[in-house]
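Could you slot chains B and C onto chain A? The hints should help.
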Amino acid sequence: MEYVSPEGLRLDGRRPMEMRQIRAEIGAVSNADGSAVFEMGNTKVIAAVYGPREVQNRSQQINDQALVRCEYSMANFSTGDRMRKPKGDRRSTEISLVIRQTMEACILTHLMPRSQIDIFVQVLQADGGTRSACINAATLALADAGIPMRDIVTSCSAGFLNSTPLLDLNYVEDSAGGPDVTVGILTKLDKVTLLQMDSKLPMDIFENVMQLAIEGCKAIANYIREVMLENTKELEYRRGI
Amino acid sequence: MRELRDLQLPLNQTQKIRLRRALQQLQDLASKASSSASVTVADTIPVNHEDGVLKGHGTSELDGEVVATLCGVVERVNKLVYVRALRARYKPETGDIIVGRVTEVAQKRWRLEINFSQDAILMLSSMNLPDGIQRRRTAVDELNMRSIFEESDVICAEVRGFQHDGSLHLQARSQKYGKLERGQLLTVPPYLVKRRKQHFHHVEKFAVDLILGCNGFIWVGEHVEARDNMVEDQDNKSEQQNSKLNTRSLRLEEQESTYTPVETRQSICRIANAVRVLSSLGFSLNVEVIMGTVEQSISLNLDIHEMLGAEFCVQIAEREVERRSSLTKKRR
Amino acid sequence: MLQSKSFVRKTKQGKVIKVVREHYLRDDIYCGASICNVCDSSVARLSSSASKILIFDTNVVLNQIDLLENPAIDDVVVLSVVLEEVKNKNLSVYNRMRALCSNSLRKFFVFSNEHHKDTYVKAMVGESPNDRNDRETVESYVKSLGQPELLDLLVQPSSEDVAMEEVEDLRPSKKKIIYSEHKPMSEITLGLHRGIYHQGKLRINRYNPFEAYVGSESIGDEIIIYGRANMNRAFDGDIVAVELLPQDQWHEEKSLSIADDEDEEEEGVHLVPNSADDAPRNKISSSGSTGDPNPAPCRPSGRIVGIIKRNWNSYCGSLDPMPMPASSGGVAHALFVSKDRRIPKIRIQTRQLGNLLDKRIIVTVDSWDCLSRYPSGHYVRTIGEIGDRDTESEVVLIENSIDSRPFSVQVLACLPPLPWSLSTVDLENPNRKDLRHIRVFSVDPPGCKDIDDALHCTALPNGNFEVGVHIADVTNFVHPGTPLDDEASQRGTSVYLVERRIDMLPKPLTEDICSLRSDVERLAFSVIWEMTPEAEIISTRYTKSVIKSCAALSYVEAQARMDDSRLMDPLTTDLRNMNMLAKIMRLRRIERGALTLASAEVKFQIDTETHDPLDIGMYQIREANQMVEEFMLAANVSVAEKILKHFPQCSLLRRHPSPTKEMLEPLLRTAAAIGISLDVSSSKALADSLDRAVGDDPYFNKLIRILATRCMTQAVYFCSGDLSPPEFLHYGLASPLYTHFTSPIRRYADVIVHRLLAAALGISKLPPIFQDRPQLTSIADNLNYRHRNAQMASRASVELHTLIYFRKRPTDTEARIVKIRSNGFIVFVPKYGIEGPVYLTEKGEKGGDWYVDEVQQKVKKMDGSISYSILQTVRIHMEVVEPKPNRPKLQLTLI
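Residue numbers (UniProt numbering), protein chains in the order written: chain A, 1 to 241; chain B, 1 to 332; chain C, 1 to 895.
The shape of chain A in the complex, shown without the other chains:
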């Protein structure tokens, strides 16, 4: 299969280093403390944050920091074929864990002892890169909930097909079976908090691909920052003095 044409265009018309169109919106779930919708092309996820609040299960309470929980799910209508997506299958559990760990790394949990923060992310449309989209959405939702964070975490994926590093794989490219590197970084600190890869790559190529993914993360971070700032300003002027 030809994923990059000799003219340098990908199947959907992007060039190898281009990301899909991204769009973010804060506040979609009215009774959540914070919520956001994040879209990367046809991938669309919604995230809702509840908390910090009283720990529901007292035995899980941590005395010096907050308990972070995350639940990832896919809507039945998220893929081309409508089917029941069982909760708690291997894949969702894994992605839940990945998101939780990534977000935990940036939340200042010690400021909210004996409380609990719940992050719910649901994939509304899946077209590759759901993992990254979920992390980006969760970051926005947490910021919306006013939860103190060390830094903005953003995530982006990159792959390697037809001997070309490709940024932000869509579903078709993702299912080509080639390498798929998902990176999550703390943008200000410039630290990697998430790194996952399917398949294998030679070391030197891997570094190029990862660098590309990091560039993608930074671009997303700039966008997210803009969205958050605009949201903050709007809230403020609306409230008035």
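No lab work stands behind these hints, which were simulated from the structure alone.
A couple of the hints might just be wrong.
Claimed, not checked - Derived DSSO-like pairs (lysine-lysine); straight-line CA-CA distance at most 27 Å:
hint	chain 1	residue 1	chain 2	residue 2
1	B	K194	A	K233
2	A	K191	B	K55
3	A	K233	B	K330
4	B	K79	A	K233
5	C	K117	C	K52
6	B	K55	A	K233
7	B	K194	A	K188
8	C	K661	C	K201
Unchecked claim - So the derived list for chain C, only partly shown, Cβ under 7 Å to chain A, looks like this:
hint	residue
9	I17
10	E22
11	V110
12	M185
13	F477
To be verified - Residues from chain A that keep clear of chain C, each with C-beta distances beyond 10 Å, as calculated:
hint	residue
14	P6
15	R20
16	N222
We put the CB at the ideal spot given by N, CA and C, even for glycine.
What follows is chains B and C alone, placed relative to chain A:
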């Protein structure tokens, strides 16, 4: 442009333009009025290190720079620099008047949900008994705790402070605090409620009590006379309470006696809807604005349910523009 | 700008899913023309002087790719939508197009119109993708040029509607049904019942994979199936249901089969076939001459309607050479070419194409859909590099399904304890005669370790001779029903390759316990005749015995003893007596009509260390060979008579059917061309006329005999109950009865005959298997199959070594023309026993200025200046060439 949060209204084209213009005017007014800097997570806050800096809430230090950990507005008080978060849970301060809901009746205490990161605690001992007598709490009192507040009762109280173990304690040492009945509880983001001298409002015109809890819980209910006068007819009150304690069969009769007239109920709903409209527009809440909104709805001859419609929402936005611009003019 | 493509697709499971894809439209796609005033012309590929730009539509590319490759066509804009459609329709044209576009000398520019913001055409509701593409094609590019005045000049062809229809028709052909659907099993059963269909095993012609036969019992004749379409995805060995074609199509099908011949039909150099079965059966007149004097007899031909039982195996071969695909590590589709030409190419998917291209691999077949030309399969394992001697030897074994694994523990457990020696139990056995006092000796090829026959010859006081043939008593060690017996019956025969031997029985039995070596006491099964000096058999005795061979001679040694007149020792005398008797017997046999056939067997001298062939030459036949052969024949005939007398229903015999007239046809034609008349009415007549056919050079007679040999069929084993006595005839030996008795170590048939003989003598009971005739028949079939495979393997091994030999030694030698073709001839190289084509014209050109004279068997140049006739001696050059990487072959060229 982003549409109104929490408010999915089917706006028509003119309404959309009007709303947009109103919001734009608000933005202009705000930027004229204040030069406060908004920040987002991980933004650097410019400070003059020579003056010495005290880092407050919502800030942290990274490579010698002060960095925000929240989205909000930077506030500077002398050396203190902090970020005032907008959308966040309630941050209690001693003396705040809050409205909460009982989640649990425990050993000598009630736990209340007050939109804080933990539940607040109201000790039996930090609460005036219904008979108003200051005395040691007996085991019998402890057993009768449920007759005072049950689970899911709505209560008004005052923040007493944080205990050494980090838990938040409340107190209700006045007759004005206590159980709230026959009304509606509304929840709004806490940043919309400003701390003021007066949080209890008696709207005499409608015979309605309005309590703006600092935690964003707002109570609209039928006016209770007893609350106003601390030195009320004690006998009458105690008799009433005693009879309630002793014979449950009297309840029905009591309910009849405390029957809320339909007009009052309508007023409660009208005020509650006014709060809803304002909060969904993200405007700060105080009794004048709320009552102004109510007045406007009456003057427009709107039904209560029409208050949540698109047209009224736009009108309120326009009204708010007028109000604020007149305020700024006055200030000049 | 973002456009969403949304379409509904049906999955393989039949689910309908909605696919939504993004489609980005860009503003940074340039039109490639340097005259353009909107685009960045620094990347322009089209020449600035170009007065016109060509834009093609899909049909032009598909049908006129050859024209496009002509350098005259230049300044071409290829729209990506056209490329995409070409790719879907014809991948090879697409690849050629891509090569053109990437060629820096040609000014071909690919314009990604689908992603250009101005040229993207949104699909209308209800519009088929093809219509949209047509609408899009030219218009879109002109739009992008940014010169709107050009758009007005665009003329829509009035015939567009017609063209559109044509295209519509083409579209479904992408998923053309190549083969007809197999009938459901119920219908087949019904059809078989009613006699509409005929069941049988499909056998594909080894030399022409487009021709196959189904032996049908219901018709009593073979049904011929021509062409892959009629074979309908059946494999060699499948049990199939055949429907007869109407009679008027019986012959026409043939010409069709040649037209169908899309695979590159190429004859390689190979060994001289030994019988008609080995030789390509396609007619010499395949050049399609209308004046074919002998129209092929109308045999029933049919087509396959269903497959009752698949015979899918793993097959050995290599991948069709192909360029590496663009995506490394991705899945590549490759075509696998089996070494066995009867097997069609097999489609496989692999991720390691680079590794497999130059390897011999094994592939199994998974399925064959009626929509795909080739079956699909998967890779099993790699054998080794192509051309490597060990690899190729293994391929030979696998190809002929020869089991070369070591014997299992269970089999080895059946062996007698080693070291074995004669026990008293054997001696005391009343059925076993002690013949140790007799002077027994063996004569075998040099270095022979599995000696299974020995002889003796004593002069009797009455002037007669007692002649004994002693055969290793294998059945004393191999008991019916044991794992050892099962294994031997499966293997059927030992296989002799050039550099190794694959035994039927484990080594201790083969080389020690059973081998009748000199000076050791061995058990034997003996046939002892009393013969007059005129070699008339007076009496025959059969007995189990104990012998002690006094000498294991080689043919050369035996011959030397006989020839050396000074030697007068008893052993030599015996040899001379035997030779005398053998000569008489041989003469008598020839009188009866036995054919003296010739074969061109070759012998290799193998380097002991590298195992590479050092020299090759024809196998020399001496008197001693003939002498031993004669007594073995006699023993076999005697045993055949004996067992048939006792077990007329269940004896295992060997027959050699008379060749049909059709089979002798090529021989007769050749003979006629050189002015010799051959009488083929009987074996006797043929033998006589072969004797008379003496030409002017010494090799001529042998050549004729070789040609005659390859007209014969192979001799086969059969169960006596299956045929009537007249059919038992062994044509070549002119013997009414024949069997195999003399080599039980290396042939399982002999083991069976031993058991039969022992039972006939009352020594042992007949094993129960002989009661079951179908089973015996199946054993006979298996033996024939194994025997044939063993022969094929030996031949393949010799061919392989011939190739290795000539790899380093390009040689000039003499050769004889044995077949005439329209563009060359087939020569036979006597020195090396090989045969191969010599082309007079370049490959691919049909005929050229040469024509064939059928009657005179000559190929002549049009102007008559040069002609080559059959059996003419020519000098040729032999060299190994590699036309494709890793596919070496021996090439013969005329000097």
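Going through the hints against the structure:
{"no.": "1", "hint": "K194(B) to K233(A)", "verdict": "holds (18 Å)"}
{"no.": "2", "hint": "K191(A) to K55(B)", "verdict": "holds (24 Å)"}
{"no.": "3", "hint": "K233(A) to K330(B)", "verdict": "holds (25 Å)"}
{"no.": "4", "hint": "K79(B) to K233(A)", "verdict": "holds (24 Å)"}
{"no.": "5", "hint": "K117(C) to K52(C)", "verdict": "holds (24 Å)"}
{"no.": "6", "hint": "K55(B) to K233(A)", "verdict": "holds (22 Å)"}
{"no.": "7", "hint": "K194(B) to K188(A)", "verdict": "violated (34 Å)"}
{"no.": "8", "hint": "K661(C) to K201(C)", "verdict": "holds (25 Å)"}
{"no.": "9", "hint": "I17", "verdict": "holds (4 Å)"}
{"no.": "10", "hint": "E22", "verdict": "holds (5 Å)"}
{"no.": "11", "hint": "V110", "verdict": "holds (5 Å)"}
{"no.": "12", "hint": "M185", "verdict": "violated (33 Å)"}
{"no.": "13", "hint": "F477", "verdict": "violated (57 Å)"}
{"no.": "14", "hint": "P6", "verdict": "violated (6 Å)"}
{"no.": "15", "hint": "R20", "verdict": "violated (7 Å)"}
{"no.": "16", "hint": "N222", "verdict": "holds (20 Å)"}
Of the hints listed earlier, those the structure fails to meet are numbers 7, 12, 13, 14 and 15, in rising order.
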